[in-house]
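Starting from the known structure of chain A, arrange chain B on it as the hints suggest.
In order, the protein sequence lines correspond to chains A and B.
Numbered continuously in my numbering, the first sequence closes out at residue 180.
Numbered continuously in my numbering, the second sequence closes out at residue 344.
Calculated from the structure, these hints are not laboratory results.
As the structure is a prediction and not an experimental result, all values here were calculated from the model.
Take the hints with a grain of salt, since some may be wrong.
In silico BS3-like cross-links for lysine-lysine, where the CA-CA straight-line distance does not exceed 30 Å [what the hints assert, rightly or not]:
1) K46(A) x K170(A)
2) K21(A) x K65(B)
3) K21(A) x K43(A)
4) K33(B) x K29(A)
5) K61(B) x K46(A)
6) K46(A) x K49(B)
7) K320(B) x K29(A)
8) K46(A) x K33(B)
9) K108(A) x K170(A)
10) K144(B) x K61(B)
11) K46(A) x K144(B)
12) K43(A) x K61(B)
13) K49(B) x K43(A)
14) K320(B) x K14(A)
15) K43(A) x K29(A)
Stretch-level coverage of chain A by chain B, calculated; a stretch enters the list once three of its residues show a Cβ under 8 Å from a Cβ in chain B [said to hold, decoys possible]:
16) 60-67
17) 84-95
Built from N, CA and C at the ideal position, the CB exists for glycine as well.
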Amino acid sequence: MESLTNRKVVVSDKPMTFMEKLYIPAIIKGMLVTFRHILMRRKTIKYPEETREFAPVYRGMHVLKRDEQGRENCTACGLCAVACPAEAITMTSAERTKDQKDLYREEKYASMYEINMLRCIFCGLCEEACPKEAIFLTDRLVPTQFERGEFIYGKDKLVESTDHRIDITKRQFTGKRGTI
Amino acid sequence: METFFWIDKLVLVLLLFLISLGIAAYQTYFERKLAGWIQDRVGPDRAGKFGILQPIADGVKMFMKEDFTPANADKWLFILGPGIAMFTSLITSSIIPWGPDLQLFGRSISLQVAEINIGILFAFGIISIGVYGIMIGGWASNNKYSLFGAIRASSQMISYELAMGISAITIIMISGSLDLRAIVESQHGMNWNIFYQPVAFVVFFICALAETNRAPFDLPECENELIGGYHTEYSSMKLGLFLFSEYVAMFVSSALMAILFFGGYNFPGMDYLKDSPNLLALISVMVFFAKIFVFIFVFMWIRWTIPRFRFDQLMHLGWKVLIPIALVNMLITGFVVALYEHWF
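Next up, chain A with everything else stripped away, as it sits in the complex (with noise of 0.2 Å):
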């Protein structure tokens, strides 16, 4: 029959010349090869110090934004914990009293607000549930830690500072509510 690919190659089982039998210029070729490696470059990427290339919409740790003002955009709708398919986000709301405006852009927002690390898949379908965009997955690691309950982020490790913005412009956003 013909072969659709020509990869096909016909196995043989002759028996070895004398030459093969001797097996010592297998090994020295072998060798040689193994030494061509020992001058070739690293592969390898020296973790804390430098960091893999990563894609532009690379998944990582979240971030919960802030608008240009510095208010929270999140208004704890819930509606990422409902997408959430592994379940590891959790939110209680609280009404939004008159001298906290420049503190949170809408009348509802989350006084609390945790994800669980170690449930996340970083399948980011809270950041497309979110109509007040508000949450983004980013291009940072969650580190690594020696507890479970340190991968518990609430947040003060969520939420960004005014001071040190955390950017999206890689993400899919529409910019009304903060663009950077």
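Just chain B now, with coordinates in the frame of chain A:
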């Protein structure tokens, strides 16, 4: 004079002990580094600059581990096993001539701990005892895998000792002495035995790989079949001694190969330095160590290139290939030596 003699020897023994252990320690480092390079990795580089403190970290790790003895193990033999393994690998370095005599403090100091005139015989005797360390260790563990490893080790070492001995006999025939110092002196300058006995060298080298249980002959410790073989049940520094003795044995057998085939501490052009014996001794020792390091490198290079033998292949190679080759080589050498000496 007598006291000076003892002081010299003691200092030399202490130095040799430290150098052997130090080289063995850095062999472990270099082996991992080389393994990394051959596999396009970096190798250990976290402890100190370029990971240079890795052996110390490994040593600390070994000492900190729990020293466990299996419930049904023979306690004394269990301790004796690694002891014998370490002892036999270290003791061989006592007969190796490390260089020409030094002229210090108005007397001549020999760089050889024990100048015995049957050096090779002694070395082979000690290498044979080396089997006991592994055998006793594997037996005392009371574990089937350890026993497998021990049996493999003993049958392998006994088989390869024959071919090794026969190829050493050819060297003894052409140099006319069992004394290692005399063998080295007979290869003065560039008159190395490798040029007369390349076949014997190949046989000897393969046997040396098998005797030190290095890949491709590392069946006794075969990780994926025997879970470590004879040292499966060992932990802590007892395991450390087993692993370490392998590296010391590698160092010593490299030294033996350098002596028997590559002229020991001889190097071309050493006659120009006749007037300054100390400088000559210093350079000779350095040359000798350079040769040893080349051999160690080749040992490791082979380990990370060639896959392990099957046991029947190992026996086939030992009994049906190497021993006949060594025997024929010995016969031819004997004939040529007899012709050369006008015995006919």
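Report the numbers of all earlier hints that the structure fails to satisfy, in ascending order.
Hints 2, 3, 11, 16 and 17 not satisfied by this model.
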